[in-house]
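Protein sequence lines, in the order shown, are assigned to chains A and B.
Residue 318 in the UniProt record's numbering sits at position 318 of the first sequence; the count goes up by one each step and never skips.
Residue 279 in the UniProt record's numbering sits at position 279 of the second sequence; the count goes up by one each step and never skips.
If you are wondering where the hints come from, they were derived from the structure by calculation, not from laboratory data.
Small disclaimer: the values here were computed from a predicted structure and weren't measured.
Check before you lean on any hint, since a few could be wrong.
[What the hints assert, rightly or not] Restricting the straight-line Cα-Cα distance to at most 20 angstroms, the calculated cross-link-like pairs of lysine to any residue (SDA-like) are:
#, chain 1, residue 1, chain 2, residue 2
1, A, Lys34, A, Asp366
2, B, Lys130, A, Ile284
3, A, Lys146, A, Gly126
4, A, Lys32, B, Arg159
5, A, Lys98, A, Gly133
6, B, Lys130, B, Asp91
7, A, Lys125, A, Ala73
8, B, Lys89, A, Arg265
9, A, Lys125, A, Lys98
10, B, Lys130, A, Thr285
11, A, Lys98, A, Leu54
12, A, Lys146, A, Pro128
13, A, Lys146, A, Phe132
14, A, Lys32, B, Lys149
15, B, Lys89, A, Tyr196
16, A, Lys34, A, Ser24
17, B, Lys89, A, Ile283
18, A, Lys125, A, Gly147
19, B, Lys130, B, Ala95
20, B, Lys130, A, Arg265
21, B, Lys24, A, Gly199
22, B, Lys130, B, Val144
23, B, Lys130, A, Ile283
24, A, Lys146, A, Arg130
25, B, Lys89, A, Ile284
26, B, Lys89, A, Lys34
27, B, Lys130, A, Arg286
28, B, Lys24, A, Phe142
29, A, Lys98, A, Thr69
30, B, Lys24, A, Gly198
31, B, Lys149, B, Leu213
Listed here are the chains, written in short residue letters.
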Amino acid sequence: MSVIDVPAATTKSRRKIRRPDLASQWQLMWWKFKRHRLALFGIVVLGLFLVMALFAEAIGIGPPGQRDTAYVAGPPMLPQLIDAEGKFHLRPFVYGVKPVRDKVSLRMTYQVDTAQIWELGLFVKGAPYRLFGVVPGDIHLFGTDKGFIHLFGTDFTGLDIYTRSVHATRASLGVAVVGVLVSFILGAAIGGAAGYFGGLLDDLVMRIIEFIRSIPTLPLWLALAALLPRDWSPLATYLAITVILSLLGWTWLARTVRSKLLATRQEDFVLAARLSGCSDTRIITRHLLPSFLSYLIVDTSVAFPEILLAETSLSFLGLGLREPVESWGVLLFAAQSIRSIDQAPWLMIPGAFVIVAVLAFNFVGDGLRDAADPYSRS
Amino acid sequence: MSALLTVDHLSVRFPIRTGTIWSKIVGHVHAVDDVSFTIMRGETLGVVGESGSGKTSLGLAVLRGTEPSGGSVTLAIEGRSIPVTSLDKRDLRAARQHMQMIFQDPYASLNPRMTVRDILSEPLVAGAGKGSYGSRQQIDALVVDIATKCGLSRDQLNRFPHAFSGGQRQRIAIARALVLRPALVVCDEPISSLDVSIQAQILNLLAELQQTLGLTYLFIAHDLAAVAYVCNRVAVMYLGQIVEMGTTRQVYFTPKHPYTEALMSAVPEPDPDAERRPILLSGERPDPAHPPSGCRFRTRCPYATETCAALMPPLRPAGDGHLVACHYADDLKLRGALELRGGTEAAVQTNG
């Protein structure tokens with residue numbers, strides 16, 4: 001370990017030399033965040049979800065409301081590479097199915113027909129759609145020319161679970177994003193006012209927050225959601241649910257903002273700025289806000305899964321979003337009965353989407369928290 | 001020499017509240033109680049006293065960092081007198097260019113999210129006088145100039161505070177205080193959070209800057225040796241009041257107040273073999289919300305009598321500009337820093 005090694009190593013990666021002394025807080029945070037593998041993985045997963053939400057029509061197989069009467073309550077069809085005779089196919093395929101009536105229960109079941117091979121393809125032409133409501137298209141991420149493919153099976157009305165899960169990403173993440181955004185604005189404004197003005201307002205706001213937080217959330221959501229008129233359009237219900245979730249969700253952020261504001265207000269550098277003649281506006285925007293913005297971002301990223309789960313729970317209980325709106329909770333609503341768990345356990349697959357999304361948000365939140373914490377070493 | 005700063009009967013009281021929603025004021029902490037003094041142009045007045053004696057509150061109240069609850073502060077700038085305590089918010093912002101502060105903890109006083117350049121230029125670009133310092137180049141020239149004077153190099157300006165040591169950070173803090181070219185600088189324990197080896201550097205820097213920029217310091221510290229080194233005059237505070245004030249020589253060598261004597265006996269001795277006879281005060285410092293009657297020091301004073309409990313001693317002249325607040329200032333034979341260490345040689349280097 002001689003000293004001479006050092007310049008050699010540094011010249012080699014000259015463009016990548018890090019100058020921590022010249023790095024801003026955000027750069028330091030990014031460097032630390034990049035070392036958090038799980039968080040990076042979470043970011044990638046969330047990115048995929050975002051793509052899924054934006055291009056749901058192209059990623060799904062057909063229109064989400066299209067019923068396949070030839071395959072009702074059918075099990076997932078898994079793409080295969082090796083056929084029954086042990087031959088390898090370069091192109092993935094699914095076997096065809098033929099309906100068979102069960103002799104005892106008289107239910108329709110589907111039998112894999114190894115004689116029929118339906119080959120899959122990427123970017124195949126399929127049902128036409130309009131992306132974002134305007135751009136026409138008919139290319140789907142994957143599909144099959146003959147027969148059909150129901151990757152995650154179908155429900156009791158013949159709707160494709162894969163396509164619906166993909167489309168549900170929109171509503172579920174939408175509620176979470178809008179809900180967190182509204183909570184963020186409410187929390188930052190109310191908590192900021194409480195922390196900045198202090199006194200009676202601060203006391204009042206804090207007591208209200210304690211009151212709201214002391215109410216058991218689920219019954220309260222149920223009560224509020226039950227107040228929504230049943231004849232509202234799905235879109236109106238959707239917006240109302242978002243607002244309900246964020247009206248109760250702002251409290252955590254208001255507390256953080258207030259406490260951080262109280263703490264930073266006492267900092268010497270804030271006093272120094274005031275003593276050097278800075279205006280209140282500049283002190284708030286240049287000194288107070290930046291010093292706790294990173295905490296807010298962390299808190300917000302942790303709040304996503306909460307709202308996501310809240311929407312899922314509400315919809316699962318039948319009081320949140322309703323058909324024909326698709327959300328993961330709405331899809332899971334179909335998986336409530338013993339009958340569905342017994343006869344069509346694949347109806348629970350949308351639950352996996354919820355789990356993956358929540359985990360991804362948590363990983364990202366974890367990574368952000370570690371990155372924002374100046375005392376963490378990793 | 002003319003007076004730059006006149007502080008007259010200044011008081012700072014902090015209310016003590018109880019209750020959560022309907023809070024009630026149940027008393028006051030008298031952090032600064034009826035303090036008067038003047039500082040001449042180019043002079044350094046030291047303020048010493050133990051923790052909680054109100055030194056920092058006094059410094060902040062002079063700059064209106066905390067609002068004084070009584071008294072007045074007047075600053076004489078270019079033949080104009082600025083009544084600091086009665087300025088409204090706008091005029092106060094404008095007046096801030098004449099008076100600045102250096103903080104105790106350079107780790108807390110610099111915004112970690114701003115580069116040194118941004119920190120140093122902030123008073124110029126965001127203060128009340130913004131726009132009057134010329135173009136960005138001219139402002140940058142001012143910043144580089146003051147940074148160089150404070151011992152910082154030009155390429156250090158792009159860095160963030162976390163890249164600097166305590167001593168360098170304090171240099172940045174000093175540069176920020178001086179970039180507006182103030183007349184008065186309140187130094188609130190500027191060296192007490194630094195390494196001993198760095199303390200001398202910073203003291204010398206402050207002294208040098210005082211010479212070149214013609215600064216006037218209100219130097220708050222509890223390090224008596226440092227105060228002796230940089231101050232022309234010293235005020236001793238106890239429980240929010242000035243108990244003794246005079247030239248450094250007067251206060252250190254011929255103290256007239258028993259508290260000053262006790263303080264002087266606590267000056268650290270560089271010679272480990274020297275015999276030390278510190279005066280140990282009995283009891284605790286009284287609660288500043290409920291100060292004792294009469295003389296505030298009487299509960300711990302070895303010379304206290306009944307008179308001390310009955311009457312509050314005023315700060316009165318004791319000859320040659322020396323002021324003392326003790327009923328028995330003329331009768332007591334108190335020992336100064338020299339006698340307390342055996343009276344051998346002047347171990348205390350004074351500037352007064």
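Status of each hint after checking the structure:
no.	hint	in the structure
1	Lys34(A) <-> Asp366(A)	holds, 12 angstroms
2	Lys130(B) <-> Ile284(A)	holds, 18 angstroms
3	Lys146(A) <-> Gly126(A)	holds, 11 angstroms
4	Lys32(A) <-> Arg159(B)	holds, 19 angstroms
5	Lys98(A) <-> Gly133(A)	violated, 36 angstroms
6	Lys130(B) <-> Asp91(B)	holds, 14 angstroms
7	Lys125(A) <-> Ala73(A)	violated, 25 angstroms
8	Lys89(B) <-> Arg265(A)	holds, 19 angstroms
9	Lys125(A) <-> Lys98(A)	violated, 25 angstroms
10	Lys130(B) <-> Thr285(A)	holds, 17 angstroms
11	Lys98(A) <-> Leu54(A)	violated, 35 angstroms
12	Lys146(A) <-> Pro128(A)	holds, 17 angstroms
13	Lys146(A) <-> Phe132(A)	violated, 28 angstroms
14	Lys32(A) <-> Lys149(B)	violated, 36 angstroms
15	Lys89(B) <-> Tyr196(A)	holds, 18 angstroms
16	Lys34(A) <-> Ser24(A)	holds, 16 angstroms
17	Lys89(B) <-> Ile283(A)	holds, 15 angstroms
18	Lys125(A) <-> Gly147(A)	holds, 14 angstroms
19	Lys130(B) <-> Ala95(B)	holds, 13 angstroms
20	Lys130(B) <-> Arg265(A)	violated, 24 angstroms
21	Lys24(B) <-> Gly199(A)	holds, 12 angstroms
22	Lys130(B) <-> Val144(B)	holds, 18 angstroms
23	Lys130(B) <-> Ile283(A)	holds, 15 angstroms
24	Lys146(A) <-> Arg130(A)	violated, 23 angstroms
25	Lys89(B) <-> Ile284(A)	holds, 17 angstroms
26	Lys89(B) <-> Lys34(A)	violated, 46 angstroms
27	Lys130(B) <-> Arg286(A)	holds, 16 angstroms
28	Lys24(B) <-> Phe142(A)	violated, 71 angstroms
29	Lys98(A) <-> Thr69(A)	holds, 13 angstroms
30	Lys24(B) <-> Gly198(A)	holds, 15 angstroms
31	Lys149(B) <-> Leu213(B)	holds, 10 angstroms
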